[in-house]
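Participant: Here the protein sequences come in this chain order: A and S. With this note's numbering, letter number 86 in the first sequence gets 86, and the count goes up by one each step, no holes. With this note's numbering, letter number 227 in the second sequence gets 227, and the count goes up by one each step, no holes.
What the hints contain is simulated information worked out from the structure, not anything from laboratory work. Here the structure is a predicted model, which means the values were calculated and not measured. C-beta: ideal position from N, C-alpha, C; glycine also. There's no promise every hint is true.
[What the hints assert, rightly or not] Output of the computed footprint for chain A on chain S, the stretches with three or more beta carbons under 8 Å from beta carbons of chain A:
{"#": "1", "segment": "106 to 118"}
{"#": "2", "segment": "129 to 140"}
{"#": "3", "segment": "143 to 150"}
[Stated by the list, open to error] So the derived label-pair ranges between C-beta atoms look like this:
{"#": "4", "chain 1": "S", "residue 1": "Ala156", "chain 2": "A", "residue 2": "Trp72", "range": "22 to 32 Å"}
{"#": "5", "chain 1": "A", "residue 1": "Arg211", "chain 2": "S", "residue 2": "Gln129", "range": "57 to 67 Å"}
{"#": "6", "chain 1": "A", "residue 1": "Arg214", "chain 2": "S", "residue 2": "Ala150", "range": "27 to 37 Å"}
{"#": "7", "chain 1": "S", "residue 1": "Gln129", "chain 2": "A", "residue 2": "Arg41", "range": "24 to 34 Å"}
{"#": "8", "chain 1": "A", "residue 1": "Phe212", "chain 2": "S", "residue 2": "Phe145", "range": "42 to 52 Å"}
{"#": "9", "chain 1": "S", "residue 1": "Met146", "chain 2": "A", "residue 2": "Arg198", "range": "26 to 36 Å"}
{"#": "10", "chain 1": "S", "residue 1": "Gln182", "chain 2": "A", "residue 2": "Gly199", "range": "14 to 24 Å"}
{"#": "11", "chain 1": "S", "residue 1": "Ile21", "chain 2": "A", "residue 2": "Arg211", "range": "55 to 65 Å"}
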Amino acid sequence: MIDVARIDHWAASGLGPFHRASTPAKLLFLLFVVSSAVITRNPYPLMAGYGVLLAVAAASGLPWLKVMVLSWYAALFAILYAISLRGGGWLASLFIVKAITPSFAVLMLIVSTPYPRIFSLFSALLPEILAAGLFMTYRTLFILLDMMDSFAAAIRLRGGFSPGSLYKNSANISKGIGMLLVRAVERASRLYAVMVVRGYSGSMAEKGSIRFQREDWLPLGTGTAVLVLVLVWK
Amino acid sequence: MTHMHIPDGILPVGLWVLGLIVMALAVGFSLFRLRGMDMIKKIPLLGAVSAVMLVAMSLEILPLFYHINLSVVAGILLGPALGFLAAFIANLILALMGHGGITVIGLNTLLLGSEAVLGHTLFYLFKNQLPVFWRAVTATVLTLFMTTVALIGIVAVSHIDPELISHGDEHVLIHKGQVSVQTFAIMVLSLGVIGWSIEAAITGAVVKFISQVKPDLLDHALHREKDGK
Chain A
1 MIDVARIDHW AASGLGPFHR ASTPAKLLFL LFVVSSAVIT RNPYPLMAGY GVLLAVAAAS
61 GLPWLKVMVL SWYAALFAIL YAISLRGGGW LASLFIVKAI TPSFAVLMLI VSTPYPRIFS
121 LFSALLPEIL AAGLFMTYRT LFILLDMMDS FAAAIRLRGG FSPGSLYKNS ANISKGIGML
181 LVRAVERASR LYAVMVVRGY SGSMAEKGSI RFQREDWLPL GTGTAVLVLV LVWK
Chain S
1 MTHMHIPDGI LPVGLWVLGL IVMALAVGFS LFRLRGMDMI KKIPLLGAVS AVMLVAMSLE
61 ILPLFYHINL SVVAGILLGP ALGFLAAFIA NLILALMGHG GITVIGLNTL LLGSEAVLGH
121 TLFYLFKNQL PVFWRAVTAT VLTLFMTTVA LIGIVAVSHI DPELISHGDE HVLIHKGQVS
181 VQTFAIMVLS LGVIGWSIEA AITGAVVKFI SQVKPDLLDH ALHREKDGK
């Protein structure tokens, strides 16, 4: 289960140097790390890069241990893919490190940047319907997660959940999702109507601007370090 | 079913770049198709359905540890163009959560988006022929079969020779990809039947529930043009 609410809490409550850096700088950091994973053909520099990210996350006060555990989720498909290629241990380790390093960088971005800041930057680049759709999805998601928690608790209390019964669980989940959909549409329509009444005319109040600041040295320096490691250590 | 959890840096660059280009064209075409629609009704609906897709993707069905996508539901409720945009939004947010790579957003959106488009088309193709539950079930099974074949195609195309990656490293046991693609196809298609059944049953039940509780959602009444056409 993706714990979106916890990720949002980390993003909004942190005060470390990575939190203080600008969003464009952190997106550039992500671009550098993803590029490193794409171009490398040797697992060792990326392993070193993963170590660098881990050290920076720990030094910046990010929840590095939880981020590390979450980043390993990406390794699962990489392992299956490596097995299907039958490339041996070396290739499997390359694929695993190619998977977990960008995943760690993405997680560093999202646990240190509140979603509205990322979306406001997107709104400068994307068409209005996509930017507003992203924002509405984000707002509705948290409402739905709360509703789903209440629904799950109600199901458990009334004995509607049994780990062994696929039919019963699927039937109850279907009803829950149907109810969730109807309520989500109603709530989103009401929320959007309120936004329109308050002056929303299709654009975000906080427009993302590409402006760098002094604290950006950390994400930019870290991203560059990982990229240089991959380029130099072939 | 066909959301790929492939991380960055694994698929060949040409493949994911092509995926991003085709996705951009498809998103552009969808936006063009939506140009006359009422934003006040359309955006909340898009946000709500995309959010429900994300919630559904976060729910694991025990004991199979399988998660549904609801992309066919999105297609049925939103129509093909808006359904495709919902798939894009869901994939973008998933990638930002580290669930699937950023570079594979294009391919993932094409797969999920085509489920929305095919699901919508098939659901309305069987109109007046089957009850609403079985229409949704049939549309889902056929859609998932077609997109799973597309997924196997992507994996087959991406099965590069390991030697190209490893510079012929002595630790690498090199086999050509053809046999493993067959194994992958057999594995995915046989396991897929279970996944399609679950997704189809849930989609059928959700669509039936909506048809009983809020039937105007199925008639697309919420996202018609401003003049009510």
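Participant: Each of the hints needs a verdict: does it hold here or not?
Facilitator: Now the hints, each set against the structure:
no., hint, result
1, 106 to 118, "violated (count 0)"
2, 129 to 140, "violated (count 0)"
3, 143 to 150, "violated (count 0)"
4, S:Ala156 x A:Trp72: 22 to 32 Å, "holds, 27 Å"
5, A:Arg211 x S:Gln129: 57 to 67 Å, "holds, 58 Å"
6, A:Arg214 x S:Ala150: 27 to 37 Å, "violated, 48 Å"
7, S:Gln129 x A:Arg41: 24 to 34 Å, "violated, 54 Å"
8, A:Phe212 x S:Phe145: 42 to 52 Å, "holds, 49 Å"
9, S:Met146 x A:Arg198: 26 to 36 Å, "violated, 44 Å"
10, S:Gln182 x A:Gly199: 14 to 24 Å, "violated, 59 Å"
11, S:Ile21 x A:Arg211: 55 to 65 Å, "violated, 30 Å"
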